[in-house]
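The task is simple: from the sequences and hints, build the whole structure.
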Amino acid sequence: MRQLASEKTTHPVLIFWIIAGWVGFFLLPWYGVEEFFAFEWLLDGYPFDTDYAPAAFLIGQGEKLWLAPMFVALLAPLWVIKKRKTDPLYAKVLILAGAFGFGWLIVQGFSIGIRGWNFDWAEAVFGDLGDRQFGMGYGALICASAFLFLFTQGIAARGAINGDVFVVSAIGGVIVIVTAFVFFPIAKMLTAAFITEEGGYSASVFAAKFFDDRLWGLGCLSGGRCGVAWNSLFLAVLVGLITTVLGLIFALVVTRSGFRYKRALRALTVLPIITPPFVIGLALILLFGLSGSVTVFFSDVFGIQPTRWLYGLPGVLIAQTLAFTPIAFLVLIGVVEGVSPSMEEAAQTLRASKWQVFKTVSLPLMRPGLANAFLLGFIESMADFGNPLVLGGNFDVLSTEIFFAIVGAQYDQGKAAVLAMVLLCFTLGAFYAQRFWLGKKSYTTVSGKGDSGVHPHMPRALSLPVLALAMIWAGFTAVVYLMIFYGSVVELWGVNNTLTFKHYITAFSFRLEEGGIRWSGAAWDSFWTTLKIAAIAAPLTAIVGLITAYLLTRQTFAGKNAFEFGTMLSFAIPGTVIGVSYILAFNVPPIEITGTGIILVVSFIFRNMPVGVRAGIASMSQLDKSLDESSLTLGANSWETFRRIILPLLRPAILAALVYSFVRAMTAISAVIFLVSAEYDMATSYIIGRVENNDYGLAIAYSTTLIFVMLSVVALMQVIVGRTEIGRRMTQSRTNV
Amino acid sequence: MSINSKAAPVSFRSVTKIYGKDVVAVDDINLEIEAGKLVTLLGPSGCGKTTTLRMIAGLEMASKGSIHIGDRDVTLLPATDRDVSMVFQSYALFPHMTVMENVSYGLGFSGFDKSETRDRAAQGLDLVGLKGYGDRLPSELSGGQQQRVAVARALVLEPQVLLFDEPLSNLDAKLRRQVREEIREIQQNLGLTVVYVTHDQEEALAVSDEIVVMRNAGIAQIGTPRQLYDAPADRFVADFIGEANIIPCEITNVTGETASIRVDDFLHTLPARGLGQGAAMLAVRPTRLKLGAEAGMHMEISKATYVGSRMEYTLNAGFGQIFAVSENVDAPLGVGESVIVGLDAIGPVLLPAV
Numbered sequence: 029m030r031q032l033a034s035e036k037t038t039h040p041v042l043i044f045w046i047i048a049g050w051v052g053f054f055l056l057p058w059y060g061v062e063e064f065f066a067f068e069w070l071l072d073g074y075p076f077d078t079d080y081a082p083a084a085f086l087i088g089q090g091e092k093l094w095l096a097p098m099f100v101a102l103l104a105p106l107w108v109i110k111k112r113k114t115d116p117l118y119a120k121v122l123i124l125a126g127a128f129g130f131g132w133l134i135v136q137g138f139s140i141g142i143r144g145w146n147f148d149w150a151e152a153v154f155g156d157l158g159d160r161q162f163g164m165g166y167g168a169l170i171c172a173s174a175f176l177f178l179f180t181q182g183i184a185a186r187g188a189i190n191g192d193v194f195v196v197s198a199i200g201g202v203i204v205i206v207t208a209f210v211f212f213p214i215a216k217m218l219t220a221a222f223i224t225e226e227g228g229y230s231a232s233v234f235a236a237k238f239f240d241d242r243l244w245g246l247g248c249l250s251g252g253r254c255g256v257a258w259n260s261l262f263l264a265v266l267v268g269l270i271t272t273v274l275g276l277i278f279a280l281v282v283t284r285s286g287f288r289y290k291r292a293l294r295a296l297t298v299l300p301i302i303t304p305p306f307v308i309g310l311a312l313i314l315l316f317g318l319s320g321s322v323t324v325f326f327s328d329v330f331g332i333q334p335t336r337w338l339y340g341l342p343g344v345l346i347a348q349t350l351a352f353t354p355i356a357f358l359v360l361i362g363v364v365e366g367v368s369p370s371m372e373e374a375a376q377t378l379r380a381s382k383w384q385v386f387k388t389v390s391l392p393l394m395r396p397g398l399a400n401a402f403l404l405g406f407i408e409s410m411a412d413f414g415n416p417l418v419l420g421g422n423f424d425v426l427s428t429e430i431f432f433a434i435v436g437a438q439y440d441q442g443k444a445a446v447l448a449m450v451l452l453c454f455t456l457g458a459f460y461a462q463r464f465w466l467g468k469k470s471y472t473t474v475s476g477k478g479d480s481g482v483h484p485h486m487p488r489a490l491s492l493p494v495l496a497l498a499m500i501w502a503g504f505t506a507v508v509y510l511m512i513f514y515g516s517v518v519e520l521w522g523v524n525n526t527l528t529f530k531h532y533i534t535a536f537s538f539r540l541e542e543g544g545i546r547w548s549g550a551a552w553d554s555f556w557t558t559l560k561i562a563a564i565a566a567p568l569t570a571i572v573g574l575i576t577a578y579l580l581t582r583q584t585f586a587g588k589n590a591f592e593f594g595t596m597l598s599f600a601i602p603g604t605v606i607g608v609s610y611i612l613a614f615n616v617p618p619i620e621i622t623g624t625g626i627i628l629v630v631s632f633i634f635r636n637m638p639v640g641v642r643a644g645i646a647s648m649s650q651l652d653k654s655l656d657e658s659s660l661t662l663g664a665n666s667w668e669t670f671r672r673i674i675l676p677l678l679r680p681a682i683l684a685a686l687v688y689s690f691v692r693a694m695t696a697i698s699a700v701i702f703l704v705s706a707e708y709d710m711a712t713s714y715i716i717g718r719v720e721n722n723d724y725g726l727a728i729a730y731s732t733t734l735i736f737v738m739l740s741v742v743a744l745m746q747v748i749v750g751r752t753e754i755g756r757r758m759t760q761s762r763t764n765v
Numbered sequence: 426m427s428i429n430s431k432a433a434p435v436s437f438r439s440v441t442k443i444y445g446k447d448v449v450a451v452d453d454i455n456l457e458i459e460a461g462k463l464v465t466l467l468g469p470s471g472c473g474k475t476t477t478l479r480m481i482a483g484l485e486m487a488s489k490g491s492i493h494i495g496d497r498d499v500t501l502l503p504a505t506d507r508d509v510s511m512v513f514q515s516y517a518l519f520p521h522m523t524v525m526e527n528v529s530y531g532l533g534f535s536g537f538d539k540s541e542t543r544d545r546a547a548q549g550l551d552l553v554g555l556k557g558y559g560d561r562l563p564s565e566l567s568g569g570q571q572q573r574v575a576v577a578r579a580l581v582l583e584p585q586v587l588l589f590d591e592p593l594s595n596l597d598a599k600l601r602r603q604v605r606e607e608i609r610e611i612q613q614n615l616g617l618t619v620v621y622v623t624h625d626q627e628e629a630l631a632v633s634d635e636i637v638v639m640r641n642a643g644i645a646q647i648g649t650p651r652q653l654y655d656a657p658a659d660r661f662v663a664d665f666i667g668e669a670n671i672i673p674c675e676i677t678n679v680t681g682e683t684a685s686i687r688v689d690d691f692l693h694t695l696p697a698r699g700l701g702q703g704a705a706m707l708a709v710r711p712t713r714l715k716l717g718a719e720a721g722m723h724m725e726i727s728k729a730t731y732v733g734s735r736m737e738y739t740l741n742a743g744f745g746q747i748f749a750v751s752e753n754v755d756a757p758l759g760v761g762e763s764v765i766v767g768l769d770a771i772g773p774v775l776l777p778a779v
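Line by line, the protein sequences give chains L and P.
So the first sequence is numbered by our numbering: it starts at 29 and just counts up by one.
So the second sequence is numbered by our numbering: it starts at 426 and just counts up by one.
To be clear, the hints were calculated from the coordinates, so they are not data collected in a lab.
Owing to the predicted nature of the structure, the values given are computational and were not obtained by experimental measurement.
We put the CB at the ideal spot given by N, CA and C, even for glycine.
Heads up, some of the hints might be wrong.
Reference excerpt, derived from the structure (chain P facing chain L, CB under 10 Å, subset only) [to be verified]:
| hint | residue |
| --- | --- |
| 1 | Leu484 |
| 2 | Thr505 |
| 3 | Val509 |
| 4 | Val512 |
| 5 | Phe519 |
| 6 | Met522 |
| 7 | Gly531 |
| 8 | Gly554 |
| 9 | Gly557 |
| 10 | Tyr558 |
| 11 | Leu582 |
| 12 | Asp590 |
Below, simulated SDA-like cross-link-like pairs (lysine to any residue); rule was C-alpha separation at most 20 Å, straight line [claimed, not checked]:
| hint | chain 1 | residue 1 | chain 2 | residue 2 |
| --- | --- | --- | --- | --- |
| 13 | P | Lys489 | L | Asn190 |
| 14 | L | Lys653 | P | Met486 |
| 15 | P | Lys489 | L | Arg186 |
| 16 | L | Lys588 | P | Ile443 |
| 17 | P | Lys489 | L | Gly187 |
| 18 | L | Lys653 | P | Tyr444 |
| 19 | P | Lys446 | L | Phe585 |
| 20 | L | Lys653 | P | Ser564 |
| 21 | L | Lys588 | P | Asp447 |
| 22 | P | Lys489 | L | Phe585 |
| 23 | L | Lys653 | P | His521 |
| 24 | P | Lys446 | L | Asn190 |
| 25 | P | Lys446 | L | Phe234 |
| 26 | L | Lys653 | P | Ser594 |
| 27 | L | Lys653 | P | Pro520 |
| 28 | L | Lys588 | P | Tyr444 |
| 29 | L | Lys588 | P | Lys446 |
| 30 | L | Lys216 | L | Phe234 |
| 31 | L | Lys588 | P | Met486 |
Put into C-alpha cells, the structure is as follows:
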C-alpha cells in the first residue's frame, strides 16, 4: 500500500524552509554587503557590526526594531510541524505566517529607506524615525523566500492544484520574481514620468514631455526633421517589411527549390545569435563610410564625391535589415515547412498548376507566419540600440534618445521615462496585435500523422527571381562578415591598409610571469566579466524559463492566461526600457543593486527568459502528456515527474536554452549600457566606448573575437546535443473524452 | 514472493465532472465496481467514459460527489496518492529509460529496496512474457511488446485497481485478440479489479465481467455481456451493443409475463418485460430473423450481398428498412423477391416506444 502524503506527519520541505528562514534571520547579514562572496565581512565585526549583522543581532542590540515582527512569522510554523497536512490548522498557520512575514518584509522595505520614512504621511503619523536602512541583502532574500514558500505550502495544503506543493511553489516563485523584476521596475518608471524637478507629482510635467515636438513633430513632411517617435515607427515598419520579404525568399529557396547549398544558407540563421547587433553597423562603415572601401573605389574610379549618406536612415535600415533578416528566415523556415505537403499535393491532384497551388494554398497558409515575422522584425528594430548609435547620425530614434536623456549632459530621468513609455507602447502594441490577432488565426497544419509527401518546387517564374535575390543578399551578408574580420587586421582603415595584429595585441595580450599569467590586454577585464556574468545568468535563465514552460504546458490553474501574458511580456520590452527602468527602480532600497554584477545577471535572466519559455513550450508540447500522467499514477509526485521524466527528455532543449541565453548575454547591449559600472564593464559596452572614441580597429578586433568565441560555443552545443539525442518512438495519442 | 492482488472495489456516489464553466463530461453517475471483476466502460466518443476512468486514477477531480476505493474516500486525493495504476492508450513508456527502468519506476516510490525492486520488476516482465528484454529501450520493441511493458509496469505495483484506457487501439487487428486474451487471463489469475475503457463493443463483450454502457455523460445500462446483448434496456443500448433492427409494434394484450404484439398484420408473443398495452419497439438482431418462415412480416429484398460465410440482406418493409443475415449461401434470394420474415423464439425483445 502506498504511503499517503496526506497522512504523513513529517514534512521535509516544510522543515527545510523553516530552517532556511531561521538561517536568513539569525545567521546571514540582513542588509546588502558588497563583495559578499569574498567573506571579508566575516572577519570585520560580524555578527555585531550593524553593516553586517543578521536581523536577530540587530534587534538584540536595539537597532532596526521594525524587523522584529517577522520573528513571530518564523516561529509560528514550528507549531504545525508535527501536524497532518489535512489538519485545517496546518494550512491556516502556514498561510498566515507566510503572508504576514512576506507582507511585513515588503512593507517595511518600502516604507523605510536611506532617509528614514519614505512617505510623508508615515512621518506625520509615527513621527521622525531617527533611523534608516539600506538595500536588502542575502539574509532578507533567504527570509523572503522562506516566507513565500511557507505561504505556498499553506495554499497547497488547502487543496489548491490537488495539494501539489511543487507546482504551487513554482507558480508563487515565478509570479514573485516576475513582479519584482519586470512589473515593479516598469511601474517605477511610469511614475518617474510624472515627477517634477522638485520631487512632486504632476500630470502637466508628463504632458509637456509627452507632447514635445521632438517626439511627435512632423517637420520632415515639409523638409525639416520629424519627431523621434515617427522616425522609430517608420524605420521599424520598413525593417519589418523588408526582413519579412527577404526571410520568405530564403525560406522558399531552402525548402522549395533544387538549390544545392541549402545547408550553407541555413547557417545564416546562426549569425544574428552570435553577432553583437552593432557589429553590422561597424562593417557598413568600413564599406560605405567616408573612407569605406566602396566609397573610395567609386570616388577613385568615377570621381563621385564621398558623402555621409550612410549616416542616417539608409545606414540604420541596411544594418538592421542585415541583422534581422536571419531572424525572419528562422521563423519562416518553420512556417514554410509546416505547410503540410499533402495539402499541396491535394491541390495538385485537383488540377491546380504549380503557380496556382502556391498562390491559393501555400501562401495563404503561411500568412500568420508572415505576420509573425513582420512583428518580430518590427519589435527588434524598435528595440535595437547599437546600430542607430553607430550609424544614426542626425536620424534620432527612441532607443538612442532615451540613452542620451539619461547618460548625456541633460540627465533627465523624467524624459527618459516618457520616451521609454512611448517605445514600450509601440512594442506592446505589436506584441498585443501578434497575440490576439494571430492567436485566433492559427493555421496549424501539423495533423500528428506522418506526412510522407514532399514539398513541390516553386514555379519557375517565381524561383528565378527568388533565387537571384537570395544569392545577392547572401553574398552581401558574406561580404559584410568578411569586412568585419578584415577590418580587425588592418592598421587604420582607409588610411593605412597594412596588415597587422596590433589591435588583437592591444586587446588581448598577456604575459607569463612568476606566479601565473598576467592579462595585460585592455579588453581582458570586460571579457572575463562578460564570461562570468553570462555563465551565471545562463543556467538561471534556463531554469526559470523551463519551470515557467512546464507550468504553462502541463498545469492548469486559475489566472493562467494572465500568468502567461506576464511572463511573455518581457519579450516585448525593449532592452533600453529595461535598462532605464532598472536604474530607476534598483538604485534605492529595498532592492539596491545598481553598480553590481547582480543587476546585470538579473537583467539578462528577464530579457532572455521568454526565449527559454518558448523553447521549453515547443519541446514540452512534443512530449505526450500521458508520460507525465503515467508517472503520476505510478506514484511519483509532480516534482519527481519533472525531474525524472520531463527534464531528461528535454535535455536537448535545456542545452539549447543554456547556450542561447549565454550567447545572448554576451551580445546584448541595449539594457547593459545603462547598467554597467566601472567594476562590471561588459564586452559590448566596452566596444561601444571604443567606437565613440573612433578606435574602430580595437572595437572590430574585439567584436571578431566575440564572434569566434560564440561560434565555438554554438558549435560545441551542436556536437553535444547531437550526441544526447534519444531514439524515441512516440505514438501520437488520440484524445477521447 | 510473487505478484499478488490487493483488489479493492470502486464506488462512485453521485459523481459529476464539469469542465470549465458548463461543459458537463460526467453527469451525476452512481457506479459500484466489485473487487476482482473486470468492468468495461463502453460508449461512443464523448460519452464521458475516459473522464470516468481518469477520475478513478485521480488525473481528473470530481466536481461533485464522492469516489471510494476500498474503504477509503479518495475524492480529493491526487493520482500520486491513490493506489491505482493505469495503462495508457499510447502506453506512455518513458523513452529515455530501459524496459527494466520503466517497470521499476513506480516501485521506487513505493518503499521497496533495490533488490526487491529488481526482483519484482523481473517478475512483472516474466508475467507478461518479456523475460530478458529488460535492457532494451522502448523504441527497440514492437507495439505489442511495448503494450506488455506498460501492463507489467502497472501490475508490479499490485494496485487496488488497474485501469486500461483503450489499450488495444494502437495494435493491429490480429494482435488485438491475442493481447485482449492475455489481459483477461492475467486479470483472472491474479484476481485484479480492472476498469477498462473501449469504444469497441466486441472487445467489451469478449473481456468483461460487467459492462457499463455510457451515453451523453450518463450511464445507459449496466450488466453482464449476455444481459446487455439479450436484454438491452433501450434502443440506444440495443443498437450500440451489436446491431439491432428496431421495428415499431403494438402490444395488443399482456397476460402475466407474456405480451402479444402486432406488426402490420403479423402476430407474435414474447416476454412483456414490464411493458403495458400500446405502442412499443421490437429489437431484433439480424441473425434472429428467419427469412422464408411460414408466418411473419411481408418484405421485399432490396439488396443482397455475399460476404463468404453468409448472406447479408437489406429488406424493405412497410415500416422501413431492416437488415438481416442468413447462413444459407447456397440458395441466395434475389433482389426484388418477396419474402416472409419470421422471428426466432428467443432473441427479439420488446423495448419502450421512446
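What's the verdict on Lys489 (chain P) and Phe585 (chain L), does the C-alpha distance respect the 20 Å limit or exceed it? 19 Å, holds
Quick one, are Lys588 (chain L) and Lys446 (chain P) close enough, alpha carbons at most 20 Å? Measuring from Cα to Cα gives roughly 16 Å; hence the hint holds.
Using Cβ atoms only, decide whether Tyr558 (chain P) comes closer than 10 Å to chain L, and label the hint accordingly. Violated - the Cβ of Tyr558 (chain P) stays beyond 10 Å from chain L, reaching only about 15 Å at its closest.
Pairwise hint evaluation, Arg186 (chain L) against Lys489 (chain P), where the allowed Cα distance is 20 Å at most: 18 Å, holds
Within a Cα-Cα threshold of 20 Å, do Lys653 (chain L) and Ser594 (chain P) meet the stated pairing? 18 Å, holds
Would the pair Lys653 (chain L) and His521 (chain P) pass a check requiring their Cα atoms to be no farther apart than 20 Å? Holds. Lys653 (chain L) to His521 (chain P) sits at ~15 Å (cutoff 20 Å).
Grab the minimum C-beta distance from Val512 (chain P) to chain L and call the hint holds if it beats 10 Å, violated otherwise. At about 8 Å, which falls below the 10 Å cut-off, the nearest Cβ of chain L leaves the hint on Val512 (chain P) intact, so it holds.
Satisfaction of hint between Phe234 (chain L) and Lys446 (chain P), Cα-Cα up to 20 Å: Since the Cα atoms of Lys446 (chain P) and Phe234 (chain L) sit roughly 44 Å apart, the hinted pair is violated (cutoff 20 Å).
Given the hinted pair Lys489 (chain P) and Gly187 (chain L), is their Cα-Cα distance within 20 Å? Status holds; Cα separation ~15 Å.
Lys446 (chain P) and Asn190 (chain L): Cα distance at most 20 Å? Within the cut-off at roughly 19 Å; holds.
Measuring from the C-beta of Leu484 (chain P) to each C-beta in chain L, is the shortest one below 10 Å? Holds - the Cβ of Leu484 (chain P) comes within 10 Å of chain L, reaching about 5 Å at its closest.
Hinted pair, alpha-carbon criterion (20 Å max): Lys653 (chain L), Met486 (chain P). Please report holds or violated. 17 Å, holds
The structure shown violates the earlier hints numbered 8, 9, 10, 25.
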